[in-house]
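As you go down the protein sequences, you meet chains A and B in turn.
1 is the number of the first residue of the first sequence in the working numbering; add one for each residue after it.
1 is the number of the first residue of the second sequence in the working numbering; add one for each residue after it.
Treat the hints as calculated values from the structure; they're not laboratory data.
You may find that some hints are simply not true.
Claimed, not checked - Over 10 Å on every C-beta distance to chain B, these chain A residues come out as not near it, computed from the model:
| no. | residue |
| --- | --- |
| 1 | Pro179 |
| 2 | Leu220 |
| 3 | Thr265 |
| 4 | Leu284 |
| 5 | Arg306 |
| 6 | Gly325 |
To be verified - Okay, the calculated beta carbon distance ranges per label pair:
| no. | chain 1 | residue 1 | chain 2 | residue 2 | range |
| --- | --- | --- | --- | --- | --- |
| 7 | B | Leu132 | A | Asp212 | 38 to 44 Å |
| 8 | A | Thr285 | B | Leu132 | 32 to 38 Å |
| 9 | A | Gly139 | B | Ile119 | 34 to 40 Å |
Predicted model, so just to flag it, every value in this text is computed and none were measured.
No residue lacks a Cβ here, since even glycine has one placed at the ideal position from N, Cα and C.
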Amino acid sequence: MQVFSRPLCFPCHGRLRRKALIGGLSPRLSSPRLISRCLGLAAALVLGASLPARAEELAFVLDSAEAAISLVDVKTEREVSRIPVLREPHHMALSPDHRELLVGDSAGNEIFFLDPVSGALKRRLSITDPYQLQFSPDGHLLVVTGLARNQVDIYEAGTYRLLYRVPISAMPSHINFSPDSRVTYITLQQTNRLAAIDTASGRVIWETPVGDTPAGVLWLRGRLLVGVMGADGVAVIDPATGRLLERVHTGRGAHNLFLTPDGRTVIVTNRVDGTLAFLDAATLTVRREIRLPGGPDDLDFAPDGRIWITRRFAHSVAVLDPESGDYQVIKVGRSPHGIWLNTHDALARAVGRAE
Amino acid sequence: MDPLDTAAGWLAENLAIPFLWHTGLMRWEELAYGWALFVVYGAVQVGLMYAICLPLERFYPIERWPDRRAVAVDVFYTLLARVGLLPLIAFVLFFTVQAEFRAWLADHGYVPPTLERLIPGLLGHPYLTFLLYALILDYADYWRHRLSHRFDWWYALHALHHAQRQMSFWSDDRNHLLDDFIAALWFGAIALLIGVPPLQFPLLVLVLRFLESLSHANTRLSFGWLGDRLLISPLFHRTHHAIPAAGARSCNYGAVFPFWDMLHGPARFTARPGPPGDPTADEALVSGSYLAQQWSGFRAFLRALFPERRPS
Numbered sequence: 001m002q003v004f005s006r007p008l009c010f011p012c013h014g015r016l017r018r019k020a021l022i023g024g025l026s027p028r029l030s031s032p033r034l035i036s037r038c039l040g041l042a043a044a045l046v047l048g049a050s051l052p053a054r055a056e057e058l059a060f061v062l063d064s065a066e067a068a069i070s071l072v073d074v075k076t077e078r079e080v081s082r083i084p085v086l087r088e089p090h091h092m093a094l095s096p097d098h099r100e101l102l103v104g105d106s107a108g109n110e111i112f113f114l115d116p117v118s119g120a121l122k123r124r125l126s127i128t129d130p131y132q133l134q135f136s137p138d139g140h141l142l143v144v145t146g147l148a149r150n151q152v153d154i155y156e157a158g159t160y161r162l163l164y165r166v167p168i169s170a171m172p173s174h175i176n177f178s179p180d181s182r183v184t185y186i187t188l189q190q191t192n193r194l195a196a197i198d199t200a201s202g203r204v205i206w207e208t209p210v211g212d213t214p215a216g217v218l219w220l221r222g223r224l225l226v227g228v229m230g231a232d233g234v235a236v237i238d239p240a241t242g243r244l245l246e247r248v249h250t251g252r253g254a255h256n257l258f259l260t261p262d263g264r265t266v267i268v269t270n271r272v273d274g275t276l277a278f279l280d281a282a283t284l285t286v287r288r289e290i291r292l293p294g295g296p297d298d299l300d301f302a303p304d305g306r307i308w309i310t311r312r313f314a315h316s317v318a319v320l321d322p323e324s325g326d327y328q329v330i331k332v333g334r335s336p337h338g339i340w341l342n343t344h345d346a347l348a349r350a351v352g353r354a355e
Numbered sequence: 001m002d003p004l005d006t007a008a009g010w011l012a013e014n015l016a017i018p019f020l021w022h023t024g025l026m027r028w029e030e031l032a033y034g035w036a037l038f039v040v041y042g043a044v045q046v047g048l049m050y051a052i053c054l055p056l057e058r059f060y061p062i063e064r065w066p067d068r069r070a071v072a073v074d075v076f077y078t079l080l081a082r083v084g085l086l087p088l089i090a091f092v093l094f095f096t097v098q099a100e101f102r103a104w105l106a107d108h109g110y111v112p113p114t115l116e117r118l119i120p121g122l123l124g125h126p127y128l129t130f131l132l133y134a135l136i137l138d139y140a141d142y143w144r145h146r147l148s149h150r151f152d153w154w155y156a157l158h159a160l161h162h163a164q165r166q167m168s169f170w171s172d173d174r175n176h177l178l179d180d181f182i183a184a185l186w187f188g189a190i191a192l193l194i195g196v197p198p199l200q201f202p203l204l205v206l207v208l209r210f211l212e213s214l215s216h217a218n219t220r221l222s223f224g225w226l227g228d229r230l231l232i233s234p235l236f237h238r239t240h241h242a243i244p245a246a247g248a249r250s251c252n253y254g255a256v257f258p259f260w261d262m263l264h265g266p267a268r269f270t271a272r273p274g275p276p277g278d279p280t281a282d283e284a285l286v287s288g289s290y291l292a293q294q295w296s297g298f299r300a301f302l303r304a305l306f307p308e309r310r311p312s
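Work out the full structure: start from the sequences and follow the hints.
See below:
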């Protein structure tokens, strides 16, 4: 189920690199050349300890408690390396040109720019409290929420120039956009509200109560779905007025929401119950529930149709077959949070779930 | 996976998160795992202290006591500080206060740096980074501790720690709440200057805390001439708690590393430190209950801050 094409413009894939190294040790080589190759190999082995993973298909798993990014080989389902960051990486976003994966380190006050193919660190940028970050569907803006600092920052994508800082109370958490990028929707975890902010002016258009501790927000077919973590389901909101339309029971601790690549199903992770609820995207009725203990949080879709889900309290990623409900477990760091697979272009799914 | 992490995960998932959900406090769920880690590692610290320090005190003591009744309150201090209520309050309170303060600083253009940003080469070398942080924080703590002996109002609080005449490995956490609060502020100020890694290295933090407890143990244990100059031993720290060292003219202020005392003085290496205690402390500070000690310390603090005027 490879929905989106992979970026094509990244040379020097790891497998080729490894082949070149091993193939270089031929007995037919002359001595100086052999010595040179041996030295090169030794240097490569030494440096290899700090190089990122060499697998081509990688899952990036952010470990918020160990200040690291785990790179997991999607084919072998094993962690192949860890990239150190500063303090607390929680979420990430792919740049509109697909060349950089931005990882927000909230307590470290930095964004790490990684090569989305190899995981290599390209650069770092000081930004205050980047907890959640998401590019607008048109690719012009980057919105960053500062959960600890009660601020929503709107940056110009590419230059990362701060356009607007919107002070907002309190604990701004998850982000989504209207399909035309004119409005960004932010959940406010502490004040139990959802806010709509005009991206052109930074003005708060409306705020509305949605329930105890709202978390994930998803634009779906002209409505907003909000995971209400302190309750047991999803609030459905009119994006124009902020009016509560209905509530859908999914399970205790409804946290985040994801539209499947075929657009037919919304998956809700229920943090307290330890379940995934599968909602019909058209009717919002729960079609299925799968038990997944360990604090299910973020997820992404693999090319083979399985779903990769971080388990905050079980130090692992679950790879779930949605047909059978069976899952394998991949051990990663202490507290895996955000996850993204480079096997597809997640940008459209991340920001344009609407259509 | 580390079994302690697994235990913390279980605690967070099955106790902390359901508790937060039922009490309408789910907005703090992001802190639940950190708190669980703190509690689990704190419990292991206590277990480790008990398993190693108790035999040392039993079979290799420096003092023999007729009973250990005076130690009981120190056990309460330890449990409260390492596995009980204090970490929970600290997590919630300090997260909020720190976040607000940092937000205010950020609004004024100051983003707190980290040691790894000041020295970029450290990124990717977590253990070296941790060692540097441990050294810097221990150095900062040396000065905090030294100043707490320097000012009367501060020592009035810190005297609670020194008042114990039956000093044992349980005595490390015997502190006045206000003294703990000042220490947290001090620590927070350092964090604003160089950052402090959170619970990225709980095992190393556990080892450092264990060393601090061990340094209070009632044992004549020394690490040898060189060892005593690399890590603080029970004999070295007992010299700090000895009666002549109570109050402003003290020595051996360090907590983990003795370098700072050797650098700034006074560092005294002796095999016969003398009995611990503070003869100027109220008896309530010595043998009172937890609340009596806190109240007595607070009154002494007020007396030091606002001394009564004597008639001329």
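These are the hints, each one checked on the structure:
A cut-off of 10 Å between C-beta atoms confirms that A:Pro179 is not in contact with chain B; the least separation is 29 Å. Every Cβ of chain B is farther than 10 Å from the Cβ of A:Leu220; the closest lies at roughly 23 Å, confirming the non-interface assignment. No Cβ of chain B comes within 10 Å of the Cβ of A:Thr265; the nearest lies about 25 Å off, and the non-interface call holds. Non-interface status of A:Leu284 relative to chain B is upheld: no Cβ of that chain comes within 10 Å, the nearest being about 22 Å off.
Residue placement check: A:Arg306 keeps its beta carbon more than 10 Å from all beta carbons of chain B (closest about 22 Å). With a least CB separation of 20 Å from chain B, A:Gly325 remains clear of the 10 Å interface cut-off, as annotated. Checked against the hint of 38 to 44 Å, the pair B:Leu132 and A:Asp212 passes, with Cβ atoms roughly 42 Å apart. The supplied range of 32 to 38 Å is broken by A:Thr285 and B:Leu132, whose beta-carbon atoms lie about 56 Å from each other.
At roughly 36 Å, the beta-carbon separation of A:Gly139 and B:Ile119 lies within the given 34 to 40 Å, and the hint holds.
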